[in-house]
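Protein chains: 2
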Amino acid sequence: MSWQLRASDLPDLARGATLLGTGGGGDPYIGRMLAERVLGDRAITVLDPDDLADEAFVIPTAQMGAPTVMVEKIPAGTEPTLALRTLEEHLGRKADATMPIECGGINSMIPLIVAAETGLPVVDADGMGRAFPELYMETFAVYGVHGSPLAIAGERGERVVIDTGDDDRQMEWLARGITIRLGGVAHIAEYAMTGAEVKRTAVPRTLSMALSLGRSMRLAREEHRSPFDAIALTLAGTQYAHVRELFVGKVTDVERRTTDGFAKGRAVISGTGDGEDFEIEFQNENLIARRGGEVVAIVPDLVCVVDHESAEPITTEGLRYGQRVRVLGISTPEMMRTPEALEAFGPSSFGLKEDFAPVEGAAVALRP
Amino acid sequence: MSWQLRASDLPDLARGATLLGTGGGGDPYIGRMLAERVLGDRAITVLDPDDLADEAFVIPTAQMGAPTVMVEKIPAGTEPTLALRTLEEHLGRKADATMPIECGGINSMIPLIVAAETGLPVVDADGMGRAFPELYMETFAVYGVHGSPLAIAGERGERVVIDTGDDDRQMEWLARGITIRLGGVAHIAEYAMTGAEVKRTAVPRTLSMALSLGRSMRLAREEHRSPFDAIALTLAGTQYAHVRELFVGKVTDVERRTTDGFAKGRAVISGTGDGEDFEIEFQNENLIARRGGEVVAIVPDLVCVVDHESAEPITTEGLRYGQRVRVLGISTPEMMRTPEALEAFGPSSFGLKEDFAPVEGAAVALRP
Numbered sequence: 001m002s003w004q005l006r007a008s009d010l011p012d013l014a015r016g017a018t019l020l021g022t023g024g025g026g027d028p029y030i031g032r033m034l035a036e037r038v039l040g041d042r043a044i045t046v047l048d049p050d051d052l053a054d055e056a057f058v059i060p061t062a063q064m065g066a067p068t069v070m071v072e073k074i075p076a077g078t079e080p081t082l083a084l085r086t087l088e089e090h091l092g093r094k095a096d097a098t099m100p101i102e103c104g105g106i107n108s109m110i111p112l113i114v115a116a117e118t119g120l121p122v123v124d125a126d127g128m129g130r131a132f133p134e135l136y137m138e139t140f141a142v143y144g145v146h147g148s149p150l151a152i153a154g155e156r157g158e159r160v161v162i163d164t165g166d167d168d169r170q171m172e173w174l175a176r177g178i179t180i181r182l183g184g185v186a187h188i189a190e191y192a193m194t195g196a197e198v199k200r201t202a203v204p205r206t207l208s209m210a211l212s213l214g215r216s217m218r219l220a221r222e223e224h225r226s227p228f229d230a231i232a233l234t235l236a237g238t239q240y241a242h243v244r245e246l247f248v249g250k251v252t253d254v255e256r257r258t259t260d261g262f263a264k265g266r267a268v269i270s271g272t273g274d275g276e277d278f279e280i281e282f283q284n285e286n287l288i289a290r291r292g293g294e295v296v297a298i299v300p301d302l303v304c305v306v307d308h309e310s311a312e313p314i315t316t317e318g319l320r321y322g323q324r325v326r327v328l329g330i331s332t333p334e335m336m337r338t339p340e341a342l343e344a345f346g347p348s349s350f351g352l353k354e355d356f357a358p359v360e361g362a363a364v365a366l367r368p
Numbered sequence: 369m370s371w372q373l374r375a376s377d378l379p380d381l382a383r384g385a386t387l388l389g390t391g392g393g394g395d396p397y398i399g400r401m402l403a404e405r406v407l408g409d410r411a412i413t414v415l416d417p418d419d420l421a422d423e424a425f426v427i428p429t430a431q432m433g434a435p436t437v438m439v440e441k442i443p444a445g446t447e448p449t450l451a452l453r454t455l456e457e458h459l460g461r462k463a464d465a466t467m468p469i470e471c472g473g474i475n476s477m478i479p480l481i482v483a484a485e486t487g488l489p490v491v492d493a494d495g496m497g498r499a500f501p502e503l504y505m506e507t508f509a510v511y512g513v514h515g516s517p518l519a520i521a522g523e524r525g526e527r528v529v530i531d532t533g534d535d536d537r538q539m540e541w542l543a544r545g546i547t548i549r550l551g552g553v554a555h556i557a558e559y560a561m562t563g564a565e566v567k568r569t570a571v572p573r574t575l576s577m578a579l580s581l582g583r584s585m586r587l588a589r590e591e592h593r594s595p596f597d598a599i600a601l602t603l604a605g606t607q608y609a610h611v612r613e614l615f616v617g618k619v620t621d622v623e624r625r626t627t628d629g630f631a632k633g634r635a636v637i638s639g640t641g642d643g644e645d646f647e648i649e650f651q652n653e654n655l656i657a658r659r660g661g662e663v664v665a666i667v668p669d670l671v672c673v674v675d676h677e678s679a680e681p682i683t684t685e686g687l688r689y690g691q692r693v694r695v696l697g698i699s700t701p702e703m704m705r706t707p708e709a710l711e712a713f714g715p716s717s718f719g720l721k722e723d724f725a726p727v728e729g730a731a732v733a734l735r736p
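Protein chains in written order, with my numbering: chain A, 1 to 368; chain B, 369 to 736.
No lab work stands behind these hints, which were simulated from the structure alone.
Every value quoted in this text rests on a predicted model; they were computed, and no experiment measured them.
A virtual CB, placed ideally from N, CA and C, is assigned to each residue, including glycine.
Don't take every hint at face value.
Selected chain A positions facing chain B (in silico; Cβ < 7 Å) [stated by the list, open to error]:
{"no.": "1", "residue": "E158"}
{"no.": "2", "residue": "V160"}
{"no.": "3", "residue": "V161"}
{"no.": "4", "residue": "W173"}
{"no.": "5", "residue": "R181"}
Start from the sequences, fold in the hints, and give me the full structure.
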């Protein structure tokens with residue numbers, strides 16, 4: 001069902017999107033501020049995929065760059081719409097709607113800014129069902145819609161169009177080169193597609209999911225109920241059905257470097273009891289979690305580090321020594337676990353040697 | 369006067385273009401081979417700027433990258449025309465002619481390949497009057513024609529369009545990033561302009577100049593006359609009127625590194641007599657020559673290292689220990705010595721502290 005989104009929804013949406021960001025995707029705080037400013041009293045139509053005409057033309061919009069840079073380099077706010085307009089001009093066709101390519105983190109907000117500026121609706125779907133660091137890691141690409149041509153806009157009005165045909169990895173490689181030279185953050189429009197293609201290739205209703213998650217966590221806190229129960233109840237029966245508490249402890253080590261346009265590193269979390277250590281490796285997003293050396297969750301399943309009491313999600317760039325945290329493992333939608341999907345964004349895409357194993361097969365169920 | 373260029377002209381043109389390349393611009397050998405293959409028995413029309421209609425539409429074409437990579441990464445040959453077609457498509461306007469952006473080195477050849485493939489004429493002019501390492505170092509830009517939009521084509525059919533408005537340095541910065549990610553060499557179309565703009569901003573008749581230089585050197589060798597006299601006689605009375613022999617000696621040291629997409633370094637040449645050393649610094653092209661620490665020639669004047677007997681020009685990537693060489697200083701055209709020109713490609717553009725001083729004010733005149 002399509003619905004109207006208002007500025008008052010943005011804090012909840014941001015919270016849920018940060019959880020789905022699985023440590024990456026950029027802190028949506030800045031995006032939320034920009035969206036609130038542009039939105040004002042107006043409403044945005046969030047279009048259910050079922051309500052999208054097959055022949056409608058959808059141009060997704062996003063920010064790309066290292067989250068460590070995103071928090072320091074505030075966009076002017078006009079770049080995402082400039083990227084959309086540049087791609088429209090290049091293709092000679094106007095968009096009927098925009099859409100996220102990534103529902104986790106700041107990229108849940110960027111299409112809202114475009115929608116508020118242009119009056120276009122936003123499709124309630126995305127191509128990652130979470131956040132991933134690279135542009136070819138999209139269900140769109142996995143199921144046959146390619147990212148090219150891609151338009152990039154910079155804060156000084158720079159406009160770049162990249163066309164690598166069917167080669168989405170080469171598209172990512174070239175777009176990343178431009179993004180680095182634009183200072184580490186840029187705004188893009190890519191994966192232009194029809195309504196029929198959205199229905200076939202996108203992860204559906206992920207904006208709604210982020211908003212539901214964020215809202216249920218807030219309400220639980222206000223009503224002094226467990227926000228962890230609220231997360232489990234919200235996800236039960238959805239495409240993210242399985243939630244596991246993987247570890248409880250204190251952050252005792254964080255290594256983080258911004259390299260090749262990404263934030264890469266690892267975090268160690270130490271338990272209070274048996275002294276067994278828990279380790280997470282990340283590239284923008286959390287990729288793999290090991291407990292005492294044993295893998296307990298691995299990409300594309302979601303590994304989410306959250307505050308041990310409030311369940312407020314913590315991004316990889318927000319990890320600090322001494323934080324008391326819980327780590328949640330959440331099962332990714334089934335369309336993201338197929339062999340062709342795992343080839344695009346499974347463990348081997350990140351240079352990990354481990355095979356994918358569903359999080360619901362390991363660890364202990366979230367209490368109660 | 370317009371004229372017809374044939375494959376048999378290419379060896380002479382390549383030799384002259386290497387001399388005008390002032391150490392850089394890439395060895396035209398590979399470009400010459402590609403041009404010969406495409407040209408076959410046909411002729412290319414080389415259009416004198418005077419014969420170009422004011423309203424004609426000209427799209428220059430070129431290769432960009434580090435010369436050290438150019439000699440190792442052979443292009444497929446179709447990329448320069450793909451770059452031209454990409455820019456035509458982007459602008460919605462067909463070119464009436466192509467033109468070099470740089471008459472020195474391989475970029476004297478690239479527009480010939482395009483001309484042979486498309487049947488377009490090549491304008492007898494360029495924007496450097498020699499070779500320079502960066503795309504904003506153009507008389508076009510100095511006199512008000514900007515490089516954007518620029519199209520890049522890669523060997524796997526990648527196509528990129530970059531538009532930075534009037535900011536030609538940002539255009540260079542972004543295009544260089546793409547070129548590095550395409551493996552160090554790419555082909556471009558940029559500085560699209562009208563015939564009237566060509567007449568106002570281009571260095572005229574530089575293809576003719578390269579061909580005359582190469583031909584006169586060859587004839588002198590065949591007739592056992594001095595090729596150095598031939599160079600001086602060919603240039604006398606032209607916009608490159610002043611030729612100075614700056615040093616004779618043996619290459620005793622070469623430092624060279626490929627960094628940030630450029631070949632940077634220095635060469636030391638030692639004399640046989642008083643032991644005074646001669647040093648050249650280069651960034652793709654030779655930038656400054658010092659004799660005993662005193663500057664004797666500086667960019668944008670031409671510093672050319674040639675074989676001490678045959679006068680065959682030696683590129684910066686061709687410099688080797690033990691070579692016996694002469695170093696020539698050649699005055700650059702006056703339109704390249706104006707204050708606005710020196711701002712774009714004078715010594716300070718290359719981080720040199722020295723001011724520009726005309727080569728004809730220093731050193732000893734070339735014998736006789």
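Now for the hints, and whether the structure bears them out:
1. This hint holds: A:E158 has a C-beta 5 Å from the nearest C-beta of chain B, less than the 7 Å allowed.
2. For A:V160, the shortest C-beta to C-beta distance to chain B is roughly 5 Å, which falls under 7 Å, so the interface hint holds.
3. At about 4 Å, the closest approach between the beta carbon of A:V161 and any beta carbon in chain B falls short of 7 Å, and the interface hint on this residue holds.
4. Given the 7 Å rule on beta carbons, the hint for A:W173 holds: about 6 Å separates it from the nearest Cβ of chain B.
5. The beta carbon of A:R181 comes within 4 Å of a beta carbon in chain B, closer than 7 Å, and the hint placing it at the interface holds.
Violated hints for the displayed structure: none, as all numbered hints are satisfied.
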